[in-house]
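From first to last, the protein sequence lines stand for chains G and W. Residue numbering for the first sequence follows the numbering used here, starting at 753 and increasing by one per position. Residue numbering for the second sequence follows the numbering used here, starting at 54 and increasing by one per position.
To be clear, the hints were calculated from the coordinates, so they are not data collected in a lab. Since the structure is predicted, the reported quantities are computational estimates derived from the model, not experimental observations. Please note: incorrect hints may appear among the correct ones.
Result set (DSSO-like, lysine-lysine): computed pairs, CA atoms no more than 27 angstroms apart in a straight line [stated by the list, open to error]:
| hint | chain 1 | residue 1 | chain 2 | residue 2 |
| --- | --- | --- | --- | --- |
| 1 | G | Lys871 | W | Lys80 |
| 2 | G | Lys871 | G | Lys849 |
| 3 | G | Lys850 | G | Lys891 |
| 4 | G | Lys849 | G | Lys891 |
| 5 | G | Lys871 | G | Lys889 |
| 6 | G | Lys889 | G | Lys849 |
| 7 | G | Lys889 | W | Lys135 |
| 8 | G | Lys850 | G | Lys889 |
| 9 | G | Lys850 | W | Lys80 |
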Amino acid sequence: MVRIDFNCLRFLVIDDNAHTRRILRTLLHGFGTREVYEAEDGAAGLEVFTHYSPDIVITDWAMPIFDGLELTQMIRQLGANSNPYVPIIMLTGHSEKKRVIAARDTGITEFMAKPISAKALYQRILNIVMNPRPFIKTKTYFGPDRRRNVSPNYAGPERRKGGNADVIKQPPLLDKAEALARAP
Amino acid sequence: MTTKPSSPPAVTTFADHDLIVPPNPLKRAVVRDNPGEAAPDPVACAEQALFEISGDFSRWTESECQRLDAARRAVAGGFTDKTRDELFRAAHDIKGEAATFGFPLIEPVAASLCRLIEHSPDLARVPHTVIDQHVDGIIAIVHCNARGNSERKAQVPARRLRLVTEEFLQHENRHRPGYLDEEDAPKLVR
Numbered sequence: 753m754v755r756i757d758f759n760c761l762r763f764l765v766i767d768d769n770a771h772t773r774r775i776l777r778t779l780l781h782g783f784g785t786r787e788v789y790e791a792e793d794g795a796a797g798l799e800v801f802t803h804y805s806p807d808i809v810i811t812d813w814a815m816p817i818f819d820g821l822e823l824t825q826m827i828r829q830l831g832a833n834s835n836p837y838v839p840i841i842m843l844t845g846h847s848e849k850k851r852v853i854a855a856r857d858t859g860i861t862e863f864m865a866k867p868i869s870a871k872a873l874y875q876r877i878l879n880i881v882m883n884p885r886p887f888i889k890t891k892t893y894f895g896p897d898r899r900r901n902v903s904p905n906y907a908g909p910e911r912r913k914g915g916n917a918d919v920i921k922q923p924p925l926l927d928k929a930e931a932l933a934r935a936p
Numbered sequence: 054m055t056t057k058p059s060s061p062p063a064v065t066t067f068a069d070h071d072l073i074v075p076p077n078p079l080k081r082a083v084v085r086d087n088p089g090e091a092a093p094d095p096v097a098c099a100e101q102a103l104f105e106i107s108g109d110f111s112r113w114t115e116s117e118c119q120r121l122d123a124a125r126r127a128v129a130g131g132f133t134d135k136t137r138d139e140l141f142r143a144a145h146d147i148k149g150e151a152a153t154f155g156f157p158l159i160e161p162v163a164a165s166l167c168r169l170i171e172h173s174p175d176l177a178r179v180p181h182t183v184i185d186q187h188v189d190g191i192i193a194i195v196h197c198n199a200r201g202n203s204e205r206k207a208q209v210p211a212r213r214l215r216l217v218t219e220e221f222l223q224h225e226n227r228h229r230p231g232y233l234d235e236e237d238a239p240k241l242v243r
């Protein structure tokens, strides 16, 4: 049986609401994680991120000083910090379509709408660890590949140009791990 | 242990974009159990951990209500950017936490208050009575300890407040055709 050893993962939780931070810390400890860093606004979150280099960042959207989108932009700046590829989960009560698209276009890895559930959080983390996506850099975007599915019928102006660039196949780590598990 | 990539990412350049495959330091967390040694279900463990702190949820909800009440009093003299943000955040936090804390009935009331603040083009025109009714409704439901979804007494005013808010927003946004339709687009994630 293949699983995640949460003891190996370190999280940074950024939320201005102390109750939400406590809920997230409780869930992460419940999964088996020992190291959970916390910050209550975007500026403090960036400082903790720079100092501790967590494996996964979980951030709120609306926060004082700078918000979750601005934080994501700062983390995703190439050359500005040690790990612009860090997975970022945005946890928010804003689940309207335009908000989700704005978060995606800023470079978040996973989006999770409140209310918080252990299952939903676990699924996001599982996806991050087992199915990492490649990053795409264009003139206007740097972040995880936003195309999770291939749409062969799409013929619009936003199709990428160049060779096989439209279809990026990244074998999920889960498949590899399960293949290893099945091997004699 | 850090996530700092140990080797440079593989970069493939195309006509209008680069495809970057960074090293995946998280793969160290993927482990295989020995046959017959299944680890406990992490989701069940996390739910149990949450249950163990659930005794605090009523107190936390009460403190969120006090914060909302203070924010409501702050806007009584008129909206500023600061008082508007605090009222919105207080309502928005309650909306997000309500189900987790065992008070799902306050979620639609808090959501209605959020919509009222977020989509009113001129907050000075929002009747304070409507804001008060939302805040008082949330506090009343919490004080009645109306947990669960079965409390009909709480559902009726919640629906009524939602209707009043929608009617007000439709009127206030009549010069912005399609604005509310766009805002009401289906939710993409759960």
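Which constraints among the numbered hints does this structure fail? Numbers only, ascending.
As far as the earlier hints go, 5, 7, 9 are violated by this structure, in ascending order.
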